[in-house]
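Chemist: Sequence:
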Amino acid sequence: MGKRECTMTAQISRRGFLGMASGTAAVTLLGLAGCGSSSSSSSSSNSSSSSSDAGKGLKVVIISSTGIDDGSFNENCYDGIQEFLKDHSDSSVNDIKEPDYNNLVPTVQQVVGDYDALVLPGYNFAAVGDIAQANPDHKFIVVDSTITDANGNPMTLDNVCTMTFKEQEGGFFAGVAAALSTKTNKVAVVNGMAFQSNVNYQYGFMSGVNYANAHYGTSAECVELPSYAGTDLAGNNVGGNYIGDFGDEAGGKVVGSALIDQGCDVIFVAAGAAGNGTFTAIKEADGSELKVYAIGCDVDQYDDGANGSNNIILTSTLKVMDTNVCKQLTAIYDGTFKGQDYLLGADTDSTGYVSKDGRQQLSADALSKLSECYDAVKAGTIVPAAATNDYKPDDFPGLK
1382 MGKRECTMTA
1392 QISRRGFLGM
1402 ASGTAAVTLL
1412 GLAGCGSSSS
1422 SSSSSNSSSS
1432 SSDAGKGLKV
1442 VIISSTGIDD
1452 GSFNENCYDG
1462 IQEFLKDHSD
1472 SSVNDIKEPD
1482 YNNLVPTVQQ
1492 VVGDYDALVL
1502 PGYNFAAVGD
1512 IAQANPDHKF
1522 IVVDSTITDA
1532 NGNPMTLDNV
1542 CTMTFKEQEG
1552 GFFAGVAAAL
1562 STKTNKVAVV
1572 NGMAFQSNVN
1582 YQYGFMSGVN
1592 YANAHYGTSA
1602 ECVELPSYAG
1612 TDLAGNNVGG
1622 NYIGDFGDEA
1632 GGKVVGSALI
1642 DQGCDVIFVA
1652 AGAAGNGTFT
1662 AIKEADGSEL
1672 KVYAIGCDVD
1682 QYDDGANGSN
1692 NIILTSTLKV
1702 MDTNVCKQLT
1712 AIYDGTFKGQ
1722 DYLLGADTDS
1732 TGYVSKDGRQ
1742 QLSADALSKL
1752 SECYDAVKAG
1762 TIVPAAATND
1772 YKPDDFPGLK
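First residue of the sequence shown? That's 1382 in my numbering, and the numbers climb one at a time after it.
Honestly, the hints are just simulated from the structure, not real lab data.
Careful, some of the hints might be misleading.
Said to hold, decoys possible - The list that follows gives simulated cross-link-like pairs (lysine to any residue, SDA-like), each with its CA atoms no further than 20 Å apart:
1. Lys1567 - Met1536
2. Lys1567 - Gln1577
3. Lys1437 - Thr1488
4. Lys1719 - Met1536
5. Lys1719 - Asn1540
6. Lys1437 - Gly1716
7. Lys1440 - Gln1490
8. Lys1564 - Ala1610
9. Lys1664 - Gly1644
10. Lys1437 - Asp1511
11. Lys1634 - Ser1600
12. Lys1440 - Leu1671
13. Lys1564 - Gln1490
14. Lys1773 - Glu1605
15. Lys1437 - Tyr1714
16. Lys1567 - Tyr1597
17. Lys1567 - Gly1726
18. Lys1567 - Leu1671
19. Lys1567 - Ser1600
20. Lys1781 - Ala1745
21. Lys1672 - Glu1602
22. Lys1672 - Ser1744
23. Lys1719 - Lys1567
24. Lys1672 - Ser1600
25. Lys1719 - Asn1484
26. Lys1564 - Glu1602
27. Lys1440 - Asn1483
28. Lys1634 - Asn1692
29. Lys1773 - Asp1613
30. Lys1664 - Gln1742
31. Lys1567 - Asp1468
32. Lys1773 - Gly1726
33. Lys1719 - Asp1511
34. Lys1567 - Gly1644
35. Lys1567 - Asp1613
36. Lys1440 - Lys1567
37. Lys1437 - Asp1468
38. Lys1773 - Gly1761
39. Lys1719 - Asp1481
40. Lys1773 - Lys1672
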């Protein structure tokens, strides 16, 4: 997939609707993010600076393990950088792809002196606290994680903005959509690795299925493959269906095919680039007796679902990283940046789902019920289970 222009970035209205207009027109959030493509360990991309402008604006870098063309998480972060560059032609961006997770933080150490702002998407950047503290004149935007020192002690620094999301809310919307849409009564969620954000998606999805079963008369079952159960960072078995790597597309296809063989006809895919393999498995099953749909994650993935004249995407859940990243870069440029830890959810229009005509295939009844659920989640009446709270998928506020 190529780079997406920010004019095509997902925007959420009050009920989680997807907009396809300007990145700032629909909602007021903390920032704007995006993504592009990279095939080497370090490559320059989409620089907006000219020789006459050099040195006047921000030098921005985004570092990732699977590249900025994953069609999901990294790409949405990169889109926000691109939106920032549209209004700041004196600034530039470089993307660095480091496939070895263990080398991500050392890579930050190696390049920090070359950039004014570092955008770091993913939990693997949690341990950058010591580097950030030693480089107070350089700003860090960490997406999907707070930060710690090398010993794991939490840190909050003036030059670091972290943003974590209530992924369980997006997972909840996916679970409700799946339960309302399945014909076989078997649904599943596929994740990359059992990081906190992904376990949040898993528990949220299970919560949504249970909610629909309890309130909307559905009878959906969450299918799990024991051989692909996840182990979280604390060593706990969290179940679910975990590929084991966000870049393993072959593994994603194996897991997807196994779930389809179990009769799953709606699969929520929260696996980054590895999820492309799950999409492939679903596309290969398209046209068979069992009609299988995918639910996209983080961004509107409807275009990724094209399969000849068909489309496999039922809807997509949204995590609005682009808007939040862009705003933080703008604050750095303007000198108004303030280090802070943000937790973002429906109450700030930072989570949601796609309901725009032509970008999803939900029934009118499912759209109506999802809208009702969105309002309840935003108001706090429904609080889905997550790795980050004390609730369980079968016992959370709003279920009973």
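Chemist: Taking the hints in turn, state whether each one holds.
Modeler: Here's how the hints hold up against the structure:
For the proposed pair Lys1567 and Met1536, the alpha carbon gap of about 42 Å is over 20 Å, so the pair is violated. For the hint pairing Lys1567 with Gln1577, the CA-to-CA distance comes to about 25 Å; that exceeds 20 Å, so the pair is violated. For the proposed pair Lys1437 and Thr1488, the alpha carbon gap of about 25 Å is over 20 Å, so the pair is violated. Under the criterion of a C-alpha separation no larger than 20 Å, the hint pairing Lys1719 with Met1536 is consistent with the structure, at around 15 Å.
Annotation: proposed proximity of Lys1719 to Asn1540 holds, straight-line Cα distance about 7 Å (limit 20 Å). Between Lys1437 and Gly1716, the direct Cα distance comes to roughly 14 Å. Compliance with the 20 Å bound is thereby established for this hinted pair. For the proposed pair Lys1440 and Gln1490, the alpha carbon gap of about 16 Å is at most 20 Å, so the pair holds. Of the pairs offered as hints, the one joining Lys1564 and Ala1610 is violated, with about 25 Å between alpha carbons and a cut-off of 20 Å exceeded.
In summary, the hint linking Lys1664 to Gly1644 is supported, as the alpha carbons are separated by about 15 Å, within the 20 Å threshold. A hinted pair counts as satisfied when its Cα atoms are at most 20 Å apart, and Lys1437 with Asp1511 does not qualify at roughly 28 Å. Distance restraint check for Lys1634 and Ser1600: the Cα-Cα separation of roughly 27 Å exceeds the 20 Å cut-off, and the hinted pair is therefore not satisfied. This hinted pair does not check out: Lys1440 and Leu1671 have alpha carbons roughly 50 Å apart, beyond 20 Å.
A distance of roughly 51 Å separates the Cα atoms of Lys1564 and Gln1490; the hinted pair therefore is violated under the 20 Å criterion. Using a Cα cut-off of 20 Å, the hinted pair Lys1773 and Glu1605 holds, with the two alpha carbons roughly 17 Å apart. At most 20 Å may separate the alpha-carbon atoms for a hinted pair to count; Lys1437 and Tyr1714 meet this at roughly 10 Å. The hinted pair formed by Lys1567 and Tyr1597 meets the criterion: a straight-line CA distance of about 16 Å does not exceed 20 Å.
At most 20 Å may separate the alpha-carbon atoms for a hinted pair to count; Lys1567 and Gly1726 exceed this at roughly 28 Å. A hinted pair counts as satisfied when its Cα atoms are at most 20 Å apart, and Lys1567 with Leu1671 qualifies at roughly 12 Å. Restraint check for Lys1567 and Ser1600: satisfied, since their Cα atoms lie roughly 9 Å apart, inside the 20 Å limit. For the given pair, Lys1781 sits about 25 Å from Ala1745 by alpha-carbon distance, which is inconsistent with the 20 Å threshold.
A hinted pair counts as satisfied when its Cα atoms are at most 20 Å apart, and Lys1672 with Glu1602 qualifies at roughly 17 Å. About 15 Å separates the Cα atoms of Lys1672 and Ser1744, which keeps this hinted pair within 20 Å; it holds. Between Lys1719 and Lys1567 the alpha-carbon distance is near 46 Å, which puts this suggested pair outside the 20 Å criterion. For the hint linking Lys1672 to Ser1600, the alpha-carbon distance of about 18 Å falls within 20 Å, and the restraint holds.
Restraint check for Lys1719 and Asn1484: the C-alpha separation of about 28 Å exceeds 20 Å, so the hint is violated. Only pairs whose Cα atoms come within 20 Å are accepted, and Lys1564 paired with Glu1602 is accepted, the gap being roughly 11 Å. Between Lys1440 and Asn1483, the direct Cα distance comes to roughly 25 Å. Violation of the 20 Å bound is thereby established for this hinted pair. With a C-alpha separation of about 17 Å, the suggested pair Lys1634 and Asn1692 falls inside the 20 Å cut-off, and the hint holds.
At roughly 16 Å between alpha-carbon atoms, Lys1773 and Asp1613 fall within 20 Å of each other, so this suggested pair holds. Our distance criterion of 20 Å between C-alpha atoms is met by Lys1664 and Gln1742, whose separation comes to about 16 Å. For the suggested pair Lys1567 and Asp1468, the alpha carbons sit about 47 Å apart, so the restraint of at most 20 Å is broken. Restraint check for Lys1773 and Gly1726: the C-alpha separation of about 19 Å stays at or below 20 Å, so the hint holds.
Taking the CA atoms of Lys1719 and Asp1511, the gap is about 18 Å. The hint holds against a cut of 20 Å. Only pairs whose Cα atoms come within 20 Å are accepted, and Lys1567 paired with Gly1644 is accepted, the gap being roughly 6 Å. Only pairs whose Cα atoms come within 20 Å are accepted, and Lys1567 paired with Asp1613 is rejected, the gap being roughly 25 Å. Between Lys1440 and Lys1567, the direct Cα distance comes to roughly 48 Å. Violation of the 20 Å bound is thereby established for this hinted pair.
Among the hinted pairs, Lys1437 with Asp1468 is consistent with the structure: their alpha-carbon atoms are about 14 Å apart, no more than 20 Å. Distance restraint check for Lys1773 and Gly1761: the Cα-Cα separation of roughly 16 Å lies within the 20 Å cut-off, and the hinted pair is therefore satisfied. Under the criterion of a C-alpha separation no larger than 20 Å, the hint pairing Lys1719 with Asp1481 is inconsistent with the structure, at around 31 Å. For the proposed pair Lys1773 and Lys1672, the alpha carbon gap of about 31 Å is over 20 Å, so the pair is violated.
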